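A.B. asks: Spelled out, the chains give:
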Amino acid sequence: MIHIKRLQEDGADIIALIGEIDASSSIELDLAIAKSVGEGFIKILVDCSALEYISSAGLGVFMSYIEEFKDRNIKMVLFGMSDKVANTFSILGLNELLQIGKDKVQAKKIVNEL
Amino acid sequence: MVFFGLNRHFVRTKAITRLLFTVGVITWLALVFTDLSILFSSVNSIKPDVPIWLPGVILNLFILSLFYYYKLKIEMDEVLNFVDLLWRVFATGLIATVTSLALRLVEFLLNDTKLTTHIVFKDLIYLINLGLMLGFLMMAFSAWKRLILYQKSKWLLRLWAFFEFGLLVTLIYNSFKFPLVEWLYGTLLGIFVVVGLVLSGNMKWVAFLNFRQKWTSLLLLLLTVFYLLYIFYTNSASMESIGNDSPYLTDYRHHIFILSLIIFVTVYSIFSFLVILFNLPTTSVFEQKLEEVVNFQRISQSIQTEQSEESVYNILLETSVSSVFADAAWLEINSNAHEQKLFTYKITDKESHDIINHLNTHHIKGVFDQGSEKTKNLSKHLATLKGSRFRSILAFPIYVKGGNIGTLALLKELPEGFNKEMTKIVSTFSNQAGISIENFRLMEEALQNERYKEELKIAKMVQKSLLPTLLEQDKDFEIAAFSESADEVGGDYYDTLRINDNLVSIIVADVSGKGTTAAFHMSQMKGIFHSLGQRDIEPDNFMIQANQALVYCLERGSFISATYFIINTQLKKIRYARAGHCPVLYYTAEKQNLEYFKDKGVALGMVRNRSYSNFIQAYEFEYKPGDLMVLYTDGITEAKDNKGEEFGYDRLLSTVKEVRSLPAKQVQDHLISKLYEFSGTDIIDDDYTTMIVKFN
Chain A
1 MIHIKRLQED GADIIALIGE IDASSSIELD LAIAKSVGEG FIKILVDCSA LEYISSAGLG
61 VFMSYIEEFK DRNIKMVLFG MSDKVANTFS ILGLNELLQI GKDKVQAKKI VNEL
Chain B
1 MVFFGLNRHF VRTKAITRLL FTVGVITWLA LVFTDLSILF SSVNSIKPDV PIWLPGVILN
61 LFILSLFYYY KLKIEMDEVL NFVDLLWRVF ATGLIATVTS LALRLVEFLL NDTKLTTHIV
121 FKDLIYLINL GLMLGFLMMA FSAWKRLILY QKSKWLLRLW AFFEFGLLVT LIYNSFKFPL
181 VEWLYGTLLG IFVVVGLVLS GNMKWVAFLN FRQKWTSLLL LLLTVFYLLY IFYTNSASME
241 SIGNDSPYLT DYRHHIFILS LIIFVTVYSI FSFLVILFNL PTTSVFEQKL EEVVNFQRIS
301 QSIQTEQSEE SVYNILLETS VSSVFADAAW LEINSNAHEQ KLFTYKITDK ESHDIINHLN
361 THHIKGVFDQ GSEKTKNLSK HLATLKGSRF RSILAFPIYV KGGNIGTLAL LKELPEGFNK
421 EMTKIVSTFS NQAGISIENF RLMEEALQNE RYKEELKIAK MVQKSLLPTL LEQDKDFEIA
481 AFSESADEVG GDYYDTLRIN DNLVSIIVAD VSGKGTTAAF HMSQMKGIFH SLGQRDIEPD
541 NFMIQANQAL VYCLERGSFI SATYFIINTQ LKKIRYARAG HCPVLYYTAE KQNLEYFKDK
601 GVALGMVRNR SYSNFIQAYE FEYKPGDLMV LYTDGITEAK DNKGEEFGYD RLLSTVKEVR
661 SLPAKQVQDH LISKLYEFSG TDIIDDDYTT MIVKFN
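Just so you know, the sequences run in chain order A and B. For the first sequence, position 22 (counting from the first letter as 1) is numbered 22 according to the working numbering, and the numbering increases by one without interruption. For the second sequence, position 164 (counting from the first letter as 1) is numbered 164 according to the working numbering, and the numbering increases by one without interruption.
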């Protein structure tokens, strides 16, 4: 089960993921990101500090936006991952394709530099 | 057995009715004989041979036999409907009247002869008429009983039992010429007349006649009443003419049973006639109600019989239109957020769209307002729409699981054509339709589920068949592999291929997602491996080409993680590339060191352009005898125990460590048994796949 919260800070949309993302809840993640894009945000921060687990379907959601974001010049930075979740990202090599910051401050810095 | 029992019962009843009929005929003949002989004696002033009370007793026996004859005859016939009953009474009356008229004709033809004026002849005629009248009365009595008791209550049954039993008791009273006590006689008669009147108030059967039946019944009842009056008149007239001459005559005029019966039968006939007459104008309402019930049933049943939601919609349209006499109707169903489907009945799509647009452009709230729970009568708004034949509209929302799925609109050409009652009926209909549609959807879902399960079964079979049954072996190494898939099929894949005498390629891969698509992608991966893996190609090159091939068939969000190895037994070297797959766990026997390889590589399908080559690279290492390579998929590391804790990389490492020096098969068995032990259940929620390579 996943609970998704959204709030806006300094012109960036912060999507906070609370709980676990599996095959079924990955749809909610997809919807949340699509909504943020739809609302015209070009800076999207994903708060993973309360994310306990992410399945390959959830990773697939992030992956599916990579190219679209590149084309539309939308910046997405993930931050606050636990070691376990970070490991899941790095095994798949997603850490090389996605911007991942340590915390919110660093994430904001990255998003503004890009 | 029951059937025979019933049959026997039927035969017995039939025999009894025949017997009763015979008894009736005999008693009547006896009555004629005794009565005439008494009369004859009295006329000739001789003492009669038979006691003068005998004809009275015989008359009562005659009545009794008639009573039971008709009782059995009417009760036996269970299929009789109301009109049939009335018809029987009418027919009996007709026979009685025609016979009586024929007697009159005989009398007329023999006019003024000595015979016709003779009192004995007159008495004979009278007795025949009396018999006919009693037959007619008893028939009517039995028939009316059935009508009155059509919808019975305890109270009604008791009252009837009292009436019937009381009447029979009076037969005894009348049998013996007790000294006529005026007050007792009056009271008894009074009681029976009153009870008869009270019973005559039971006319519920009238409501169940349809319009046509009511007309038939009116005619039959009218004629029945005429017959009754005629027969009463005939009997009382002949009584008048004979009564004065003979004091011993069997006179029905003081017979409580017969009098009560005459009054009751006549009153009930007249009552029925009047009630039917006054009910005629409201018949259509009752018929309407009946039709509503039938329609309602149709809607409820449509779910079991109909093939599609469309049929449910059409039945809803048809029934609601016929229930409220609407001229047309449409049903707008929201198939999704932006699209509406229109089902129409006796109205064209264009006409309905015109009305919808008209109401929308005039911002008339409530008609098609999906949020509105109330049904609305919006007749006045249609008055402003030119060129439409409709002047009244009634709209209802249809709810399924609390969500509005559409609107039912009913139209009439009359202004203000819908009343409150109709609103209620159709709102009930639309509620029922909502339930029907919901049930229908649930059933569809269940079917879909069933189909999905079937599909999964196939997917599982496909997946199993894609895995190799035999793995490459070599004097340098031995391979053991294990794969167990969860109920929801995943896409774990492993395989081996010999390139030449010194080269063997190995792959282990995991397709993201589950079910048929996963099995499908797995077969693509197998195809890629079997074509690219045939040649001696650099592992990173293998991945780049595989990625390029997969880009066109993997849908958005899907990817495949894989590790590809080429073992060179001549150089004792292994070259490999890891594309996002779980890191290799490797045991170096020489250093007694067990660790995960630290390397880089992005999964296949994640980068969908040529730049993928930047994200993958090949690694190389040497193997020595005693070394152990453990390949696996994330189903192993992510296996959970009952507390939700994962098996994890550390536990995998320590488990392998326990058996690091054993042969491949034993390492595998140990690992799998530890895994099941950990998860505490045989039901796994992801695929377990391992491949163990032991070097010699």
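Derived from the structure by calculation, the hints contain no laboratory data. Warning: the hint list may mix true and false statements.
Stated by the list, open to error - Listed below are several chain A residues computed to face chain B (Cβ distance under 8 Å; list not exhaustive): (1) 7; (2) 11; (3) 16; (4) 18; (5) 64; (6) 91; (7) 92; (8) 94; (9) 99; (10) 101.
Said to hold, decoys possible - No more than 20 Å apart at the CA atoms, straight line, and that leaves these computed lysine to aspartate or glutamate pairs for EDC-like: (11) B:665 / B:538; (12) B:401 / B:455; (13) A:84 / B:590; (14) A:84 / B:555; (15) A:5 / A:52; (16) A:70 / B:590; (17) B:154 / A:52; (18) B:674 / B:650; (19) B:424 / B:599; (20) B:401 / B:413; (21) B:643 / A:9; (22) B:145 / B:240; (23) B:598 / A:52; (24) B:640 / A:9; (25) B:640 / A:22; (26) B:665 / B:646; (27) B:640 / A:96; (28) A:102 / A:9; (29) A:84 / B:646; (30) A:84 / B:78; (31) B:598 / A:22; (32) B:14 / B:107; (33) B:640 / A:68; (34) B:624 / B:590; (35) B:643 / B:599; (36) A:84 / B:332; (37) B:600 / A:20; (38) B:600 / A:96; (39) A:84 / B:650; (40) B:643 / B:595.
Please read all numbers here as calculations on a predicted model, not as lab measurements. Quick reminder that beta carbons are idealized off the backbone N, C-alpha and C, glycines included.
A.B. asks: None of the hints should be skipped; say for each whether it holds.
C.D. replies: Outcome of the hint check:
no.: 1; hint: 7; in the structure: violated, 26 Å
no.: 2; hint: 11; in the structure: violated, 28 Å
no.: 3; hint: 16; in the structure: violated, 21 Å
no.: 4; hint: 18; in the structure: violated, 16 Å
no.: 5; hint: 64; in the structure: holds, 4 Å
no.: 6; hint: 91; in the structure: holds, 6 Å
no.: 7; hint: 92; in the structure: holds, 4 Å
no.: 8; hint: 94; in the structure: holds, 7 Å
no.: 9; hint: 99; in the structure: violated, 15 Å
no.: 10; hint: 101; in the structure: violated, 20 Å
no.: 11; hint: B:665 / B:538; in the structure: violated, 29 Å
no.: 12; hint: B:401 / B:455; in the structure: violated, 28 Å
no.: 13; hint: A:84 / B:590; in the structure: violated, 31 Å
no.: 14; hint: A:84 / B:555; in the structure: violated, 27 Å
no.: 15; hint: A:5 / A:52; in the structure: holds, 15 Å
no.: 16; hint: A:70 / B:590; in the structure: violated, 48 Å
no.: 17; hint: B:154 / A:52; in the structure: violated, 72 Å
no.: 18; hint: B:674 / B:650; in the structure: holds, 13 Å
no.: 19; hint: B:424 / B:599; in the structure: violated, 73 Å
no.: 20; hint: B:401 / B:413; in the structure: violated, 34 Å
no.: 21; hint: B:643 / A:9; in the structure: violated, 37 Å
no.: 22; hint: B:145 / B:240; in the structure: violated, 32 Å
no.: 23; hint: B:598 / A:52; in the structure: violated, 24 Å
no.: 24; hint: B:640 / A:9; in the structure: violated, 37 Å
no.: 25; hint: B:640 / A:22; in the structure: holds, 14 Å
no.: 26; hint: B:665 / B:646; in the structure: violated, 24 Å
no.: 27; hint: B:640 / A:96; in the structure: violated, 28 Å
no.: 28; hint: A:102 / A:9; in the structure: holds, 18 Å
no.: 29; hint: A:84 / B:646; in the structure: holds, 11 Å
no.: 30; hint: A:84 / B:78; in the structure: violated, 82 Å
no.: 31; hint: B:598 / A:22; in the structure: violated, 27 Å
no.: 32; hint: B:14 / B:107; in the structure: violated, 37 Å
no.: 33; hint: B:640 / A:68; in the structure: violated, 35 Å
no.: 34; hint: B:624 / B:590; in the structure: holds, 8 Å
no.: 35; hint: B:643 / B:599; in the structure: violated, 32 Å
no.: 36; hint: A:84 / B:332; in the structure: violated, 52 Å
no.: 37; hint: B:600 / A:20; in the structure: violated, 26 Å
no.: 38; hint: B:600 / A:96; in the structure: holds, 9 Å
no.: 39; hint: A:84 / B:650; in the structure: holds, 12 Å
no.: 40; hint: B:643 / B:595; in the structure: violated, 27 Å
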